Amino acid sequence: MSRLTGLAADVAVETGNLSAFNFRDMGGWHLLTNDWGQFLMMSTADFERFMAGKVEASDPLYPELESRGFLKARLDFRQLAANTVKKSSFQWFPGPSLHMIVVTLRCNQKCQYCHSSVVDPSRTDTDMDIATARKTVDFIFSTPNPTICIEFQGGEPLLNWPVVKFVTEYAQAKAKAGNRKLLMALVCNFTLMTEDKLDFLFDHHVSICTSLDGPAELHNKNRPFLGGGEAQPKVVHWLETIQERCNADPKKKYYLPGALMTTTRFSFEYGPQIVDLYVKLGLEQIFLRPLSPIGYAKRVWKDVGYEPDEFVRFYEKTLDYIIDLNVSGKSEIMERMALILLSKIVKGEDPGFMDLRSPAGAVLGCLAYNYNGQIFVSDEGRMVDHQGDPIFNVGDVAKNDWTSVIDHPTTRACVTASTLDNQPMCQQCAYKPYCGVEPVFHYETQKSVFGQMPTSGWCVSHMGVFDVIFRKLRDPRSRKVLDKWLERDQCRWQESGNVPAGEPEVV
Amino acid sequence: MKMKLSRKIYSKDALLIAAQVLSTKVNVYLEESKSDYTVTIEAKRRDAGKEQLEALAGEFGNELLNQEYRFLVGRFNSKISSLIVTQTLMAARGGEAPAAAPAAEQTPEFRKLVADLVKNAEAEVARTMPRKIADQGTVLPPVKEDAGV
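In the order they appear, the protein sequences are chains A and B.
All residue numbers for the first sequence refer to the working numbering, where the first residue is 1 and numbers rise by one.
All residue numbers for the second sequence refer to the working numbering, where the first residue is 508 and numbers rise by one.
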């Protein structure tokens, strides 16, 4: 069933001065958006006057409609085109900037949902070797984007530490020789962190991110050690240690560790406790992310998964709690998904989040490299290969060059399928200017890279989250908090000079 | 289960794509007359009852509509979507041929630096890492259709 909203049967329509736009009935008010990324929220009575062509030039609503490109006879094409370029700047990017290297599939944890479909620590055959690591870095530097972000993933990347070190040093030497901007990031579970490793990471400006699903009982249930035992205290210990070291040295201020949570069915009871833990640990942001039924998670979906609208309810409830903390002055913690959407909606900028682009970030914005040198359109595409389906493999660092990857038929299929103007339902949706679809998700869940939006879990959860965010934007109390978040986020990037808008969201 | 579909409303392309999308769940047989297509749907699961078969036929109908709608949208938006896809792919390509490695990478100093990095890394692997075992393959067994997704 389509979740789009239609016009009430008795609404008069006078199309004479209406430019192209999409709308959504939000219950008592209407949201209007257009392909230039502009939006307007108005009462249903105003919306009906607008549709009937009854908003005159003297009407207070007129200048709003005019400046945002909703009146056909009053379009400022120069300004609207500038807005479009700003909002979709990635369409002009010279190739991917985010390169995810899986240095091993081995892991010492056995997470309930592990997307990466890890293998036992004894499986050293899944470690990347030095020769492959070198070819992988060479391939990455053969892609044309002047900014390169290398993100180490796994498995648990610290289990193949020599390769993490080699890639870091070799990539930094190449970046210096070629005058390329290089960002490095490590996503690890922290349980194998040591002071020596931390020294190396700080010395080489590698930003660090870990997984923290919440209080000990939840985290340990979601992310148990292979042989049993509690992982959460180790994560908390290293988060605190790294923060102490960052706070003690102003130069390290911008390498404050990040944490990511994955929402399982078990998380639903813990919303406020998860947020409280993040606040207690001094983390600046929390990212309320849904679980995707891809890779191993698909196999255990009955145990840990949920309906997309259950996630939306959890998201709204937890976001409300976070906003309340901000309003009461108890914390300034920000929610990352809200920030990503607000950058798109309010600032009209692309925050570099690969999943919500049209076309999607697969190949265009990111590539994933398996331990054996195989190249995939994204990390999710690599997980599909792990299940025996190599459909998203677009090359090999030992055999292929960049042009063969970008010209690969799979790349073209992903780009075409994720262009929202090709998507039934999306092209009529009010969230089209800010949304995106993910070909790997739809291939995994609906057996087609195009997917079927009326029945797509992706669409239900994203449409639901957009509904939540626009409702918050309409509410003055929440709006004040959200505006403050945007201001703070902007300052953070400006001060650090680290990752400006438009560059990859490293998660 | 049989369905009769008007040729005036549905295209053969959409029928074939819908059948392909659902090919892991159903076998679809297609016959055509001057005015209609007759679609026969069989569940691949041998234990599927009438209710499951009806649900699968419904899924097939949804996918068929989705494909027809996609063709319609594709035709309607072909200019803008072709422009976006071409622009994005051409920009990402970054030119006709890959750029040559920078001159600074051709110097003896850089080559020595890289040779040292490789040597040190290989020595660290030999010193600190467990012995590498022969490739065992990593593909997981097939996922069951009723995984609940």
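Hints listed in this document are in silico derivations from the structure and should not be mistaken for laboratory results.
These numbers were taken from a predicted model, which means no experiment stands behind them.
Yeah, the Cβ is synthetic: ideal placement off N, Cα and C, and Gly gets one too.
Just to be clear, a hint being listed does not mean it is correct.
Derived CB-CB ranges, DEER-like [to be verified]:
hint: 1; chain 1: A; residue 1: Thr-455; chain 2: B; residue 2: Ala-606; range: 54 to 60 Å
hint: 2; chain 1: A; residue 1: Lys-302; chain 2: B; residue 2: Pro-605; range: 17 to 23 Å
hint: 3; chain 1: A; residue 1: Glu-64; chain 2: B; residue 2: Gly-556; range: 54 to 60 Å
hint: 4; chain 1: A; residue 1: Val-85; chain 2: B; residue 2: Arg-618; range: 40 to 46 Å
hint: 5; chain 1: B; residue 1: Arg-618; chain 2: A; residue 2: Pro-94; range: 48 to 54 Å
hint: 6; chain 1: B; residue 1: Ala-555; chain 2: A; residue 2: Glu-307; range: 19 to 25 Å
hint: 7; chain 1: B; residue 1: Arg-638; chain 2: A; residue 2: Ser-404; range: 33 to 39 Å
hint: 8; chain 1: A; residue 1: Val-85; chain 2: B; residue 2: Asn-569; range: 45 to 51 Å
hint: 9; chain 1: A; residue 1: Arg-3; chain 2: B; residue 2: Leu-579; range: 18 to 24 Å
hint: 10; chain 1: B; residue 1: Leu-579; chain 2: A; residue 2: Gly-227; range: 19 to 25 Å
hint: 11; chain 1: B; residue 1: Arg-618; chain 2: A; residue 2: Leu-226; range: 53 to 59 Å
hint: 12; chain 1: A; residue 1: Gly-329; chain 2: B; residue 2: Arg-638; range: 30 to 36 Å
hint: 13; chain 1: A; residue 1: Arg-488; chain 2: B; residue 2: Ile-640; range: 22 to 28 Å
hint: 14; chain 1: B; residue 1: Gln-527; chain 2: A; residue 2: Lys-176; range: 45 to 51 Å
Pairs of lysine-lysine, DSSO-like flavour, derived with a Cα cap of 30 Å [to be verified]:
hint: 15; chain 1: A; residue 1: Lys-110; chain 2: A; residue 2: Lys-181
hint: 16; chain 1: B; residue 1: Lys-619; chain 2: A; residue 2: Lys-347
hint: 17; chain 1: B; residue 1: Lys-586; chain 2: A; residue 2: Lys-165
hint: 18; chain 1: B; residue 1: Lys-586; chain 2: A; residue 2: Lys-135
hint: 19; chain 1: B; residue 1: Lys-586; chain 2: A; residue 2: Lys-181
Indices of hints not satisfied (ascending)
1, 2, 5, 8, 10, 11, 12, 13, 15, 16, 17, 18, 19
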